[in-house]
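My request is simple: use the sequences and hints to build the entire structure.
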Amino acid sequence: MNDLQQLRFRDPARAEALGEAIHEVCSEIGRDPITLMHVCGSHEQAIARFGLRTGLPKNLDVIMGPGCPVCITDLPEVDEGVALALQGVKVCTYGDMLRVPGTSLSLNDAMARGGNVAVVYSPSQAIEIARKTEEQVVFFATGFETTAVTTAAALLAGDVPENFSILSAHKYIPPAMEIVATMPGSRIEGFLAAGHAAAITGSGLFEPLARKHRMPIVVAGFEPLDILAAVLELLVLVRDGRNEVANLYPRCVSAQGNLPAQKILWQVFELEQGWWRGIADIPDGNLRLRDTYAHLDARKRFDIDIKKLWSHAPHELAAQCVCGDIMAGKCQPTDCGLYGTKCTPDAPVGACMVSSEGACRIWQQYGGRPDLSEVG
Amino acid sequence: MCLGVPGKVLQIDGMDATVDFFGMRKRIRLDIVDVPVAVGDYVLNHVGFAIRRIPEEDVAETLALFDTILGGPEPEDDLMVADVLGEIDAAGESPTNDFRSTGGAPDACPVFLPQQPQKESSDE
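Protein sequences appear in the order of chains U and G.
Under this note's numbering, residues 1120 to 1495 are what the first sequence spells out, in order.
Under this note's numbering, residues -17 to 106 are what the second sequence spells out, in order.
Among the hints, a few may not be true.
[Said to hold, decoys possible] Simulated restraints, written as ranges between beta carbons of each label pair:
{"id": "1", "chain 1": "G", "residue 1": "E75", "chain 2": "U", "residue 2": "R1133", "range": "38 to 46 Å"}
{"id": "2", "chain 1": "G", "residue 1": "V41", "chain 2": "U", "residue 2": "E1253", "range": "39 to 47 Å"}
{"id": "3", "chain 1": "U", "residue 1": "K1177", "chain 2": "G", "residue 2": "P18", "range": "48 to 56 Å"}
{"id": "4", "chain 1": "U", "residue 1": "A1231", "chain 2": "G", "residue 2": "D(-2)", "range": "20 to 28 Å"}
{"id": "5", "chain 1": "U", "residue 1": "E1139", "chain 2": "G", "residue 2": "V41", "range": "27 to 35 Å"}
{"id": "6", "chain 1": "U", "residue 1": "G1233", "chain 2": "G", "residue 2": "V41", "range": "43 to 51 Å"}
{"id": "7", "chain 1": "U", "residue 1": "G1304", "chain 2": "G", "residue 2": "D(-2)", "range": "47 to 55 Å"}
Keep in mind that the hints were calculated from the coordinates and are not lab data.
For clarity, every value in this text was computed on a predicted model and none was experimentally measured.
Here a beta-carbon is modelled for each residue, glycine too, at the ideal position from N, C-alpha and C.
Have a look at this one:
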């Protein structure tokens, strides 16, 4: 396996060439700044972890958009999970959701108050839990289309116990890219699309978006050189005014995507408008269970009273949190007055500091955009 | 939650597959994989489901990122490592064996331990 080191995207010469080409194209474009947005927590992890921003030209901003599924889960959606847990229903969810603040309480707070919450890694695990208990079990389902399709598959696999239901907070990312790109004051000139979400939907899905908003889109993998190559391709498309889609992650993404998965996804879910935390009301941004599966819909099965949670005071610093603006690409974590001082991974105020895929949490771990001006 | 993690299919039982992830043997579902999978293939796992069969010529490149991040120092403190291990944990316990019995993160990721018994078809 030592020959792994010899792979083409580990080739230092190739990295250097990519870096030089990125500098060249950026100076040809000449604008300052040129802003590219990616929409994937794993991309931000890779960019920050491998220090890729260090080598980028000064007039290039690669920013993170609404790519953290935990972070964009809206406050009332968390409230629904909290309310269910407090009324004695067993709420199963992904670990990252526990500390995400609702209007006044997180699921962790609900647990501290005797609420019934369990962490699972997969929808199948939640179904297993339901199978072994008499309690009502609700899977608080978060995540983008990549994750939603697994929820759908778990439901369709059959033998879902009577006491199991779904609280869907699943989101569909293409409409959110469109909203963020067209927000007043948006400087986004192109998108890096998330590799593994595109594995489901296919790169072709982005064609109308690229044409309609005159914005090139490049599907990117997660290797440092994957990301640099995708940034270069995107810059070339920006420079040449070509509003096209390019797939630079063909080893995991095809033009048409994963057709069996798409069939399962749309069999179980349909699109509806919904709020993404702090960003906007996104038409077609949420995935809700189709009426055929109403019997598995926790919102139909239970009387969920979230209003009583609104009488509790929210976190005293919550009003100062700018997570929404960060996820909309309007500012960076370091622009927030709370970042790293009053909002830290140990004591997070906003959702972006909670999740391993949140921009603030990632910057706290690896550092954000280093200022090398004094280093020379 | 955005990441799929590659593993090698060791055994298939209907919609269940036993898969080796960097020395950890786990069970995942095949309901939504894009094309039919055979023993010896590599698949991407996302929360306990295979979402993609990795074309044979792309396997080494797909594994390399995980080789790097799982093989680095202080894996417990690293967000990416934690997310990758979370994805691997999302796969169910294998009925046959769990190579994590010694505990902790795999420190010799590129070494695929269980090469011997399940090999029913060649992977070349």
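Cross-check of the supplied hints:
| no. | hint | verdict |
| --- | --- | --- |
| 1 | G/E75 / U/R1133: 38 to 46 Å | holds (40 Å) |
| 2 | G/V41 / U/E1253: 39 to 47 Å | holds (45 Å) |
| 3 | U/K1177 / G/P18: 48 to 56 Å | holds (49 Å) |
| 4 | U/A1231 / G/D(-2): 20 to 28 Å | violated (37 Å) |
| 5 | U/E1139 / G/V41: 27 to 35 Å | holds (30 Å) |
| 6 | U/G1233 / G/V41: 43 to 51 Å | holds (49 Å) |
| 7 | U/G1304 / G/D(-2): 47 to 55 Å | holds (50 Å) |
Of the numbered hints listed earlier, the single one contradicted by the structure is hint 4.
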